[in-house]
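Trainee: Residues per chain are reported as follows:
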Amino acid sequence: MFGYYLDLALRSLKRNKVLTALMVLAIAVGIGTSMTTLTVMHLLSGDPIPARSSMLFYPQVDPDTSRAEHREPGDMMDYHSAVDLWRAQRADRQALLAQSDVRLRVPDLNLPVLITHSLSTTTDFFPMFDVPFQYGGPWQPSDDENRARVVVISAHLNDKLFGGANSVGRTLRLRDTDVRIVGVLKPWRPSPQFYAVAGGRFAHGNTADFYAKPEDLYLPFFSGMEINAGSFGVFNCWIVPEDYGKLENAPCIWITMWVELRDPAKVDAYARFLADYAAQQKTLGRFTHADNTRLRNLMQWLEYNQVVPSDVRLQTWLSFAFLAICLFNTVGLLLAKFLRRSGEIGVRRALGATRGAVFAQCLVEAGMIGLLGGIGGWLFTLLGLWLVRQQPAAYADLAHLDIAMFLITFVLAIFSSLLAAALPALRASRIPLGLQLKTL
Amino acid sequence: MDILPIFSALRRHKITALLVILEVALTCAIVCNAVFLITQRIDRIHMLSGVAEHELIDIQISPISATTDSVPRMNEDLAALRQIPGVTAVASSNQLPLGGSSWNAGIKIARDQKESTLNATTYYGENMLETLGTQLVAGRSLLHDDFYDFDAVVKAGSTSDTKNMPKVAVVTQAMADRLWPGVSPLGKELFMGDNIPITVVGVVAHLVRPSFSDNAVAEYSMAFPIRMAAGRYVIRTAPENRERVLAAALAKLKQLDPKRVVLKKQTWDQVREKFFQNDRAMAGLLLGVCVALLVVTALGIVGLGSFWVAQRRRQIGVRRALGATRRHILRYFQTENFLLATIGIVLGMAMAYGVNLLLMVHYELPRLPMMYLPMGAVVLWLIGQAAVLGPALRAAAVPPVVATRSV
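Residue numbers (the numbering used here), protein chains in the order written: chain A, 1 to 440; chain B, 441 to 847.
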């Protein structure tokens with residue numbers, strides 16, 4: 001029966017090519033725009049590290065003594081608190097992070113001086129965030145406190161400096177210090193760069209830069225502090241510091257910390273530990289808002305910082321409204337198409353076709369339009385994503401269609417064409433037979 | 441033209457009529473808001489900067505390492521740059537209008553005020569306002585004797601020594617209007633962080649911030665008499681000399697210190713271009729969606745119009761046989777479309793308003809100005825009429841003889 005319906009549908013589609021083309025085009029354009037934005041949205045709002053995100057937490061304390069009233073604690077930590085919490089080693093894994101730009105030279109290569117983004121962190125950073133290595137590996141845990149002069153570099157930098165060869169053991173000069181390469185990463189592109197989204201909620205939706213490439217240099221935290229002192233970005237200071245080159249005791253927040261906690265009991269225990277630490281600091285006179293601590297998990301932290309750019313959200317809404325209009329259009333055109341065939345349907349009904357059979361046949365026809373629209377929509381999506389890649393946004397190079405989104409394109413196309421066909425098909429199946437036969 | 445017969449005909453095609461109405465309404469709602477969004481972006485792109493737009497060059501070098509002689513070395517650089525033929529002014533600044541991330545400070549207008557009244561960008565650098573080409577509208581600019589070195593100010597700040605602290609500032613008109621509405625800001629005092637008063641001595645017409653997301657606060661900037669070797673030089677020269685001066689300046693800086701790294705070298709036009717590139721992309725995208733929407737709606741009207749004409753061939757034939765002219769038939773379909781479009785537009789205006797309310801809540805957009813609604817209405821009426829013209833002409837071409845067939 002289905003084969004017969006398909007045959008009928010094909011004949012019907014061929015009979016009025018212009019109307020068919022209009023419907024297919026409407027669905028294709030609607031699907032194309034909505035799948036383009038949906039793909040971008042899917043890329044930007046997804047879980048950057050699905051296997052581990054539920055175990056990763058972002059502790060916050062409130063060291064700001066200048067505020068009278070209670071507010072959300074600052075997005076980063078002061079050096080003192082962060083290092084205290086890290087040294088306590090109360091989580092399964094913990095990492096300190098601070099970003100800075102550093103001047104880079106390779107002593108034995110004749111290349112111009114580069115200014116590169118660097119991350120000073122502790123060795124747990126790599127296993128905690130599933131960072132893949134191409135050559136070598138992370139530095140030893142003891143290297144953190146020993147201020148070892150070692151470095152891990154990105155695949156991108158390794159390609160640029162050493163043509164992609166194994167560069168473990170080679171030396172880089174960062175500012176005035178020589179460091180030895182111990183590891184080279186594989187290409188790694190978390191989307192967003194989830195460990196560096198602090199302050200996102202103050203960005204009024206201009207958060208595209210959170211999707212930029214990660215740093216090129218990874219240094220042991222305390223080594224980085226020494227090598228590149230004075231270059232670290234400061235999130236906020238409540239009193240102007242004496243010297244931006246020595247922020248260790250400054251009344252400023254500029255360090256971030258991540259912890260890995262593998263089960264809920266450990267999360268509760270860590271939250272208690274954090275509260276106890278803050279209370280203890282209050283008795284020491286360093287904190288005034290001791291009860292103001294937070295322990296958000298990764299996805300909560302991303303949501304809190306509103307990392308999905310507002311332009312992207314707006315585009316998604318817009319494209320779905322556009323799809324809705326395309327579907328209204330298709331409903332109208334299908335209605336026209338089915339009712340124009342009233343005579344034919346009347347004959348089929350008179351020859352014994354049930355209403356259900358007429359309804360099913362109309363849906364098969366609509367499904368076929370949906371399938372054709374899906375193919376067109378897929379092509380339009382590829383075109384749309386190509387256009388996104390030409391845009392000046394940091395996430396532009398990420399915009400590619402994956403298998404899931406490819407399948408969703410067709411599911412959405414067929415589903416929406418069936419939805420659009422439901423009403424016209426219902427009308428067509430209700431055509432009274434006698435009346436139509438008379439006018440043949 | 442009698443519209444009652446049209447209504448009674450439409451009542452027999454409720455669903456199709458409703459579809460046209462809904463399509464027009466949705467299109468109206470979205471196009472009104474999208475056009476409003478586009479104009480918002482365009483306003484932003486054309487925002488007044490307050491600086492000599494086509495005359496500035498920005499050079500950023502890696503900060504001279506933290507030695508004690510950074511200010512003398514900066515002065516040496518500035519003197520060398522000033523000597524390049526064609527250069528009219530040079531300044532060293534901590535940041536540049538529309539240049540990206542900014543240095544801001546919370547501003548209070550009374551001693552011991554708890555929360556800041558507003559957050560403003562603080563521009564440092566001697567001769568900075570003159571080099572940028574800002575227009576002084578009241579008071580005076582910052583003078584040589586007002587200036588202090590950054591390191592001395594920081595040291596003074598931590599020891600609460602008021603002697604080495606800047607005492608005056610120049611603010612923008614926008615900032616003055618917000619802090620002291622309706623009053624002359626000259627001589628007024630403002631406070632940052634600590635309780636040391638800073639006197640406003642001058643007002644410039646416009647000076648945009650290095651970065652902002654809300655247009656309303658785009659011009660909250662002030663110039664502070666602080667000298668700082670931040671490695672950012674602004675050079676002013678005639679537009680036609682920019683390329684040559686930029687090349688000469690780079691050569692000069694390299695010659696003074698071959699070891700330093702040039703981070704950025706650009707004309708200010710490029711800075712501006714880059715700052716607004718996202719807005720330009722978004723405006724282009726919205727425009728594309730608007731055009732696509734209107735085309736899809738027009739196609740829908742063509743499709744349904746054709747269907748109706750085909751369905752009513754016999755009635756049209758009868759009317760023609762009974763004496764209706766071609767013009768009557770044409771008018772009939774045109775009026776029908778006009779009625780449907782009008783109902784759709786009325787509905788669409790209500791929806792446009794609703795969409796705007798949502799955007800105001802979620803995207804911090806201002807209210808949709810009323811004038812967009814009649815404009816949207818006219819556009820949709822025109823599109824409706826243009827779309828229905830083809831089917832209506834085909835209807836008018838139906839010969840009266842059709843009435844005699846197959847009745």
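Careful: at least some of the hints might be erroneous.
Among chain B residues calculated to face chain A with C-beta under 8 angstroms, some are [claimed, not checked]:
1) Gly740
2) Val819
3) Ile823
Straight line, CA to CA, 30 angstroms or less: simulated DSBU-like cross-link-like pairs of lysine-lysine [unchecked claim]:
4) B/Lys699 to A/Lys213
5) B/Lys607 to A/Lys246
6) B/Lys714 to A/Lys213
7) A/Lys160 to B/Lys548
8) B/Lys454 to A/Lys282
9) B/Lys704 to A/Lys160
10) A/Lys213 to B/Lys554
11) B/Lys603 to A/Lys246
12) A/Lys17 to B/Lys603
13) B/Lys603 to A/Lys160
14) A/Lys246 to B/Lys704
15) B/Lys607 to A/Lys160
16) A/Lys282 to B/Lys694
17) A/Lys246 to B/Lys548
18) B/Lys603 to A/Lys282
19) A/Lys213 to B/Lys704
20) B/Lys595 to A/Lys160
21) A/Lys14 to B/Lys454
22) B/Lys714 to A/Lys246
23) B/Lys454 to A/Lys246
24) A/Lys282 to B/Lys595
By construction, these hints were calculated from the structure, which means they are not laboratory data. Ideal placement from N, C-alpha and C gives every residue a C-beta, glycine not left out.
Trainee: Output the numbers, in ascending order, of every earlier hint that fails for this structure.
Mentor: 2, 3, 7, 8, 10, 12, 13, 15, 16, 18, 20, 22 and 23
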